[in-house]
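Asks: Now for the letters of each chain:
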Amino acid sequence: MTAPAPAVQAVGLHKTFGSVQAVDGIDLTLAAGRIYGLLGPNGSGKTTFIRMLAGLARPTAGTARVLGTLVPNRSLLARIGYMPQAEAVYPELSVQENLAFFARLEGRTDRAAVDLVLDLVDLADRRETPAMHLSGGMRRRLSLACALIHEPAVLLLDEPTVGVDPALRAQFWAHFRRLAAGGTTILVASHVMDEADRCDELVFVRSGRVLARGTATEIRQRAGTADLEAAFLHHAGLDAEGRPLAGPLR
Amino acid sequence: MSAIRVLAVARRIAQGFRRDERTLGLIFVVPIVVTALLGWVIRDQKDLMVQVVMVNEAGAPGQRIVDALTAATVGAPDGIEVIATAETADAARAALRDSNGDIAVILPSSLIDDTLAGRRPHLLVITPGTDPAQDGAALGALQGLMVTVAGQLGAASGGVAVIPVIDRETVFLSADADTLDVLAPVFLAYFGYFFVFMLTGISFLRERVGGTLERLLATPVSRAEIVLGYSLGFGFFATIQVIVLTLFILAGLDVPSIGPLPAFTIGLDVQSAGSPLIAFLIAVLLSLGSVNLGIFLSTFARTELQIIQFIPLVIVPQGLLGGIFWPVDRLPDVLQVVAHALPMTYAVDALKAVMLRGADLADATVRLDIFVLAGIAALFVVLAGATIKREVA
Chain A
0 MTAPAPAVQA
10 VGLHKTFGSV
20 QAVDGIDLTL
30 AAGRIYGLLG
40 PNGSGKTTFI
50 RMLAGLARPT
60 AGTARVLGTL
70 VPNRSLLARI
80 GYMPQAEAVY
90 PELSVQENLA
100 FFARLEGRTD
110 RAAVDLVLDL
120 VDLADRRETP
130 AMHLSGGMRR
140 RLSLACALIH
150 EPAVLLLDEP
160 TVGVDPALRA
170 QFWAHFRRLA
180 AGGTTILVAS
190 HVMDEADRCD
200 ELVFVRSGRV
210 LARGTATEIR
220 QRAGTADLEA
230 AFLHHAGLDA
240 EGRPLAGPLR
Chain B
0 MSAIRVLAVA
10 RRIAQGFRRD
20 ERTLGLIFVV
30 PIVVTALLGW
40 VIRDQKDLMV
50 QVVMVNEAGA
60 PGQRIVDALT
70 AATVGAPDGI
80 EVIATAETAD
90 AARAALRDSN
100 GDIAVILPSS
110 LIDDTLAGRR
120 PHLLVITPGT
130 DPAQDGAALG
140 ALQGLMVTVA
150 GQLGAASGGV
160 AVIPVIDRET
170 VFLSADADTL
180 DVLAPVFLAY
190 FGYFFVFMLT
200 GISFLRERVG
210 GTLERLLATP
220 VSRAEIVLGY
230 SLGFGFFATI
240 QVIVLTLFIL
250 AGLDVPSIGP
260 LPAFTIGLDV
270 QSAGSPLIAF
280 LIAVLLSLGS
290 VNLGIFLSTF
300 ARTELQIIQF
310 IPLVIVPQGL
320 LGGIFWPVDR
330 LPDVLQVVAH
340 ALPMTYAVDA
350 LKAVMLRGAD
360 LADATVRLDI
370 FVLAGIAALF
380 VVLAGATIKR
390 EVA
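Respectively, the protein sequence lines represent chains A and B. Going by numbering that gives the first Met the number 0, the letters in the first sequence line up with residues 0 to 249, in that order. Going by numbering that gives the first Met the number 0, the letters in the second sequence line up with residues 0 to 392, in that order.
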């Protein structure tokens, strides 16, 4: 029996911007139907990695395949859901109009899909409200709803829960879990560690490289630390105050 | 009031400018460039060359006048030259209609009788009527010439110079057409172009900096679909704008005095010789180009202020060189080349032909102008598409 094809497969992936090496040789395979946390500080290459998977940036070297297809590939985008860091919604359009717009671009015209995601992000009672009149957290929820509207097979979420209140965040994760159970692969980029335990597997990145990979428990055990933040510092070769473990302070 | 805080605010502004080379350029370089361009256009403008068509209905004495005028203007020493004679006044009108001459002078058969009877003879002078300023300049040159020639003829015959009375007639529009009648086509083109450019440029800039463009590009939508969608969406509003502007220019709805309100007129009530529909088509084509120019140039701006900074570079030169204030063929040679690369030149030319001369699609010039405008709009569509950066088409 052959193993199922990976949802995402990156091989020797590099991306440079001028002299800046944003992604520096990432090899990563993500299985279908699982939730992955891409964790690392700001500027570690998380967003660039996700943008390459979403077809928005071409690798400088190496390859990436999503659902078996080499990226970038436009026809593949109908099967990918992408939520960028920015609140990429139209401020002058209402909540419902934003969703209907992205649904049409994705080839979905059924109103039921809009109603479903509106309930999920708890914006059903705000459907007529222009996005410009929503709070920051509500706009994040709308942005997430736009990424979910076409029921993608791979969901790429860049800091999806920033500004979302804890109760709603719990609902989000419950929904992510349901989606994963249905076969959706979810990659969540975050610079905070407090949601890592909700992921099936974690990928620590720093300076465009993968530092460590495994379940939260495995990573903690390997680092011999009690919490993930300390584990991250350990894998990054830093002490508890963020200084390099080897060599004197500079 | 704290001087330190006031100075802190002023210093903050100076620091911001220091890192915004484009705004610095706008403040110091662009005014010089635009003023230099204006100076170049005005100072190096080619002299007006008035071409006269003569019609002699006054027999042999009239022919002496024609010959004298022709002889006096060989080589156009004073910027006026008799280039042809026509058999009839209608033939002269046809010549002006076909742009074969700037002014026609008809010596009527009553010329000799009036002169012999001691009355001032009447001359009929016909001008195109599409540019009151140019017509006035041509008439002034003609009067100067006639004074000279009348003096010569009077001296040769031992008589007294007789300065004739000039009766005016125009080929297009009416003789009482004013500057507004002539500028109306220009309003239609220029303001439509300007506002559509601003609207699209700022709107697309928001797409770029607000992250929605990137979000769009993460869906299966193609770049071509985005550009065509934009053209259609803004084209719709541009079309409505053109309709409203056309109606306002052409309409003259008199509203009577009501109570303390005095009577007034809604609309400019300008004279239009041609089809408003063709004028509308030309203005829409120009606006479509403007939509995509806005998309294209939004690539080079990071803020809305920077879109506004394109006005002196993109909009103003079109106003100076596009045939709005000065005919393109009187611009210095180099600027004529530039003018022929600007969509405004073709739009103004076509709109003037349609609204002032009554030309329609049978007119080769109008067809060529429309063809070029469509080509420029298509070019801007391609350029706009090329600026939407994406790894897949």
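These are calculated hints, taken from the structure and not from any lab test. Any given hint could be a false lead.
[Stated by the list, open to error] Pairwise CB distance ranges, derived in the manner of DEER restraints:
no., chain 1, residue 1, chain 2, residue 2, range
1, B, Leu252, A, Asp164, 57 to 65 Å
2, A, Glu150, B, Ile3, 42 to 50 Å
3, B, Leu47, A, Glu91, 45 to 53 Å
4, B, Leu37, A, Asp164, 28 to 36 Å
[As the list claims (entries may be wrong)] To give a feel for the contact side, a few chain B residues facing chain A, derived at Cβ under 8 Å:
no., residue
5, Gly210
6, Leu215
7, Leu216
8, Pro219
9, Asp332
All C-beta atoms in this analysis are idealised placements derived from N, C-alpha and C, irrespective of residue type, glycine included.
Asks: Hints first: check each against the structure and report whether it holds.
Replies: Status of each hint after checking the structure:
1. Leu252/B x Asp164/A: 57 to 65 Å: 58 Å, holds
2. Glu150/A x Ile3/B: 42 to 50 Å: 59 Å, violated
3. Leu47/B x Glu91/A: 45 to 53 Å: Holds, since Leu47/B and Glu91/A (Cβ atoms, about 52 Å apart) stay within the stated range.
4. Leu37/B x Asp164/A: 28 to 36 Å: 60 Å, violated
5. Gly210: At 3 Å from the nearest chain A Cβ, Gly210/B passes the 8 Å test, so the hint holds.
6. Leu215: 7 Å, holds
7. Leu216: Status holds, d = 6 Å.
8. Pro219: OK, holds: Pro219/B within 8 Å of chain A, min 5 Å.
9. Asp332: 43 Å, violated
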